[in-house]
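Chemist: Produce the complete structure using the sequences and hints provided.
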Amino acid sequence: MKAVLAAAFAAFTLSACQTIETWPADEELATFGSNGSAIVIMDSVDNFGCGRIDLGFRDARTKAQFNRNLVTGEPRAIIAQPGVYRL
Amino acid sequence: MGNLPAVELWFDKVEIKPNEVVYLGTFNLSAITVNAQAGVLQNVFSLGLTALTALTGNYNYYPTYAMVDQSEKVRAQVREKYPQYADRMVTRLPEAILVPEDFAGACRNAYARKPDGSMPTPEEAEAKLDGEMDKAVAASIARYSAAHPEFKKDTAPAPAPKPATPP
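Same order as they appear, the protein sequences are chains R and U.
Going by our numbering, the residue at position 86 of the first sequence is 86; the numbering climbs one at a time, nothing skipped.
Going by our numbering, the residue at position 38 of the second sequence is 38; the numbering climbs one at a time, nothing skipped.
Note that these hints are calculated values from the structure, not bench results.
Under the rule of at most 30 angstroms between Cα atoms (straight-line distance), these lysine-lysine pairs were calculated in the DSSO-like manner:
| no. | chain 1 | residue 1 | chain 2 | residue 2 |
| --- | --- | --- | --- | --- |
| 1 | U | 13 | R | 63 |
| 2 | U | 152 | R | 63 |
| 3 | U | 13 | U | 135 |
| 4 | U | 152 | U | 128 |
| 5 | U | 17 | U | 152 |
| 6 | U | 17 | R | 63 |
| 7 | U | 13 | U | 152 |
| 8 | U | 114 | U | 128 |
Sample of chain U residues facing chain R (criterion: CB under 7 angstroms; computed from the structure):
| no. | residue |
| --- | --- |
| 9 | 7 |
| 10 | 11 |
| 11 | 13 |
| 12 | 18 |
| 13 | 20 |
| 14 | 21 |
| 15 | 22 |
| 16 | 23 |
| 17 | 24 |
| 18 | 26 |
| 19 | 29 |
| 20 | 31 |
| 21 | 63 |
| 22 | 74 |
| 23 | 77 |
C-beta atoms are modelled at their ideal positions from N, C-alpha and C, and glycine is treated no differently.
Modeler: Put into structure tokens, the structure is as follows:
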């Protein structure tokens, strides 16, 4: 387990600093409402790393998931299916 | 989810409803810092939920998570980008099961002086942290369950955190 955690920290260090995502493109946003889909808005404050956090949610029942790479203080949105999600 | 160690232990589930515009909160990543110089802990404990910009020297960092409500700030930012959705935005934060204070207490106990007054080595402290985190998480879940009878724990016990290196 400790090795897994160490690897997780390493992954955190790398991916949190290398990815930049934007608000949804117009094409993605156009799918809002299809099959009940929702607009989910996420935001973050990073007092620990380089100012970017890869944050995601997963629905334990359907396995649906979504994530965004967040820059401190700059909310981002994503189109997601309704469900009960966990960080 | 994402790449934040053990984050699934910290928060309860949150529902996303059909056709809504929902803000899930502002995720706050901080760290508990432990001063561990020259292989031996000094000054016991420099514990804080602090920004790291002012820290130098040999520290161990244990990430902590919180979800805070900044609805109005976020609504204003959404309005700039997508004005048609700003007024539809509702706020629904996942509730915290484990809070930074619980986490800090586990670290404080693990890094406390030994009965003879000496400091533990980093290895001793990290070994003790396993059990301290188990106790802290169990206490947090018990407290949360008492306040939320519908809560069903469906995650494994907490793995003990390892020190992290800030990017």
